[in-house]
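If you're matching them up, the sequences are chains A and B in order.
Counting with our numbering, you get residues 1 to 475 for the letters of the first sequence.
Counting with our numbering, you get residues 1 to 434 for the letters of the second sequence.
The hints are simulated quantities; they were obtained by calculation from the structure and are not laboratory data.
All values derive from a computational prediction rather than experimental measurement.
It is possible that some hints are incorrect.
[Unchecked claim] Computed footprint of chain A on chain B, listed as stretches where at least three residues anywhere in the stretch have a Cβ under 8 Å from a Cβ of chain A:
#1 2–11
#2 75–89
#3 275–286
Cβ coordinates follow ideal geometry from the N, Cα and C atoms, glycine included.
Here is what each chain is made of, one letter per residue.
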Amino acid sequence: MYKMASYDEPLLNEMEEVKKGDTDDTDIPIPKSIMRRELNLPSLDERSVVKHFTHLSQMNYGIDTGTYPLGSCTMKYNPKILEEVARGDKVGYIHPYQHESTVQGALEIMYNLEKMLCEITGMDAFSLQPIAGAHGEFTGMSIVRAYHENNGEKRNEVILPDSAHGTNPASARMAGFDVVEIPSREGRVDMDALHSVLSKNTAAFMLTNPNTLGIFEKDILEISREVKKVGALLYYDGANLNAIMGKARPGDMGFDIVHLNPHKTFATPHGGGGPGAGPVGVKANLEKFLPVPRTIKDEGYHLDYDRANSVGKMSHFYGNFPVLLKAYTYILLKGCDGLKEATERAVLNANYLMKKLNGNYEVPFGGGRMHEFVISAKRLRKKGIRALDVAKRLIDYGVHPPTIYFPMIVEEAMMIEPTESESKETLDRYADALNAIAEEDAEVVTNAPLNAPIKRVDESKAARSLILKWSDFSP
Amino acid sequence: MEELDIDSIDKLFGDIPEKIRIKGLGIPPGKSEIDVEREISDTLKKNRSFNDMPSFLGGGIQPHYVPPAVRHIVSRSEFYTSYTPYQPEFSQGMLQSVFEYQSVICELTGMDAANISMYDFATSLGEAARMAKRINKKDTFLIPENISWEKKSVLKNYVRNAGMRIKEIPYGENGKVNLFAIGDAGDVAGIYLENPNFFGIIEDRIDEIREIKEKTDGLIVMGVDPLLLAIVKPPSEYGADIVIGDGWMGNPMNFGGSRLGIFSCRKEYIRQMPGRIIGATTDRDGKRAFCMTMQTREQHIRRKKATSNICSNEALCAIAFVAYISLLGRNGLRSLAATNVKNARYAAEELSSIGFEIPFGMTFFNEFVAIPPVNAGELNNSLLSKNMHGALLLGNHFPELKNALLYGITEMHSRETINKMVEVTGKIVEGKYV
Chain A
1 MYKMASYDEP LLNEMEEVKK GDTDDTDIPI PKSIMRRELN LPSLDERSVV
51 KHFTHLSQMN YGIDTGTYPL GSCTMKYNPK ILEEVARGDK VGYIHPYQHE
101 STVQGALEIM YNLEKMLCEI TGMDAFSLQP IAGAHGEFTG MSIVRAYHEN
151 NGEKRNEVIL PDSAHGTNPA SARMAGFDVV EIPSREGRVD MDALHSVLSK
201 NTAAFMLTNP NTLGIFEKDI LEISREVKKV GALLYYDGAN LNAIMGKARP
251 GDMGFDIVHL NPHKTFATPH GGGGPGAGPV GVKANLEKFL PVPRTIKDEG
301 YHLDYDRANS VGKMSHFYGN FPVLLKAYTY ILLKGCDGLK EATERAVLNA
351 NYLMKKLNGN YEVPFGGGRM HEFVISAKRL RKKGIRALDV AKRLIDYGVH
401 PPTIYFPMIV EEAMMIEPTE SESKETLDRY ADALNAIAEE DAEVVTNAPL
451 NAPIKRVDES KAARSLILKW SDFSP
Chain B
1 MEELDIDSID KLFGDIPEKI RIKGLGIPPG KSEIDVEREI SDTLKKNRSF
51 NDMPSFLGGG IQPHYVPPAV RHIVSRSEFY TSYTPYQPEF SQGMLQSVFE
101 YQSVICELTG MDAANISMYD FATSLGEAAR MAKRINKKDT FLIPENISWE
151 KKSVLKNYVR NAGMRIKEIP YGENGKVNLF AIGDAGDVAG IYLENPNFFG
201 IIEDRIDEIR EIKEKTDGLI VMGVDPLLLA IVKPPSEYGA DIVIGDGWMG
251 NPMNFGGSRL GIFSCRKEYI RQMPGRIIGA TTDRDGKRAF CMTMQTREQH
301 IRRKKATSNI CSNEALCAIA FVAYISLLGR NGLRSLAATN VKNARYAAEE
351 LSSIGFEIPF GMTFFNEFVA IPPVNAGELN NSLLSKNMHG ALLLGNHFPE
401 LKNALLYGIT EMHSRETINK MVEVTGKIVE GKYV
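Required output: the full structure, derived from the provided sequences and hints.
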């Protein structure tokens, strides 16, 4: 049975302090009236600090630790060369305001990456500036607004299916749109429902394809036609691009705007939630709205700010350059064939795993699946076991649980995305674990995890009595 | 494939209409690791880093030393290959680390709560403005005229669809925002101030800022360099309600990317704060544990009614930040801040001695405005030809400062580096190189 390291690791402020020489306040040339006296931070030596964070890292699960089939998050293996290339001072110690002639390497990489992303998605231009997928959505929605305003139109509605990622409605709202959610039919966009809400008020339809159930929207060309008919734009949430890369392109399906998640599709590590990136691609007619600056090429590479219709800036500088560099490296490494193979293997793995689970778990909706699939744990409810319990029990088997309770349209949903990185043996072990859990006594499952560094966490207590920093612990 | 009873992988892609299937991608075939590494490193060689060519650029981002131990800590793959800690039992390491980050931010800023980061300083400002409106339902957000134009542009994108207005307050002869120009305007959701400000000047008007807050009834949002807070009173003493900043600590410049946006606030506003927040709790055995908390504000639960769409953040950069703070400690941080002030002041004095004007005085942190006795653009070009990068030209965005330069000086600028720059600058000024 798997066992993660477990330490009673103190908080930094609970660790034994090592005195380091006091600073002479009289020597600091700032007005005495604003001088700070109290600074309640621990002073530790390097040895203690490194030990502390090493212990903490050992109490954390990553893709290098094992399987991590978190649906829609695409946790694939991150090749180590990606870390190496982003490490040196030619990446870390360049200033964003440096003279263009002194950052030609960085600009060349950004320029080339844009071109490659265009080819992979079928779009005409990309901005690398957004710093996360949701940030890309917000950027995309800002472009939607700019486009309609430029046409002298005030369209206030963004439509999306009820299976959409939660960031979609939140991003549309942030850009000032009213959100119209339409129900799915058999796991796909319900064309009648779509028809009934499309109007002159529709600014855009946001969709991921395949959707969050792992089902390809095969009516996509019709969807695109209908959306265009009312003058709206079609927006592609690229979270699921790993399912079609090298096989089909959003641009060919009629999408006008896409965002990508390089930390998913292009294997740049997630970093525990960031730094990420969320490049946004558009069709030629929307290029003028992209954020400034644009990287352009003539005799050398330049940053072009002279764009009258641009939405302006979405983040301070040019995006998360090290992340973009890693994505670029991954694409070079894989190339056209490697990207396609990754897709094929990801889809094969998902379908194989789904087949091994169909029995103890229910697979809602018919038809094929792409890179991820959703199963329902509702059959276990009669034993008193919920999806959450199954997830916690998986921890005891040493594998990361899938995404749970999403999409919301499936009862006791568990969304699994094994990715292309996992071997058949690993998939078999994962399926065996899930199937074994379905046979286990409810008492064992509902008490899980038993082998993790800690037992099940009381999340409602955390929300009820907020302890958000060291000093909130009552003495 | 056998198990699935299919003879061709294409069967799995049957739902994709024939019309949109592609034969292949128009990008080169894959390359070996050694070729890729060589290609990237050849391309990157075209960059000139701080180590190849000292630079004196300011503008809110400067080179700082990153202790190797920080890099080793964030290179632990259990950290960097993990995802958002949705399963706390499997993620205690990440959760405790970022809880410590939150604690450190609260210590530095004097705020009651912090989230585990926004994308960057500029997006923190955008979210802070929106948060101010959520709290007091007012529409006007006041900003100093002299903040970075990029930050201004990001802010506009964040507020324009929230029914908010941005009003710019002019700066006075001392380079600080003219607090009198704010008056006692109604409808103020928030007032944004910076310490140090874009011109590097340290804000010392504690009482006046508190007064303005009372008069306008708006929230005070303060943008800070966390290092300055090691030696200057925390924003809480200025009456700040929300404190934001650039979380550069432990994170290299990275061409402006992969750092983090600090975001913290006072207790009464916690539920309006965007972003991920980590709380302490206990497990079933009563043992201390950490998990994400207040998730009901968030997009994955509240969807269109969420406080913000942010779900990713810069978690790994937050670990770098807290590791950096731990390694320096209280005294290390204070003496580093002192070194930054002293080095910058030394550089300003030296430049002043060769005929530069320091228009806003000497009360600055590690950046300052200086006006050379020659054309600033030409000075920079001459420096470039001497393998040295000059300071930031301010004229493009502040026409009234058309010949001014913004210098950024840190612990990375040794006395020798500064002396060399001043010497070369002096020769250029004397016309020897022009």
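Okay, the hints, checked on the actual structure:
| no. | hint | in the structure |
| --- | --- | --- |
| 1 | 2–11 | holds (count 3) |
| 2 | 75–89 | holds (count 15) |
| 3 | 275–286 | holds (count 10) |
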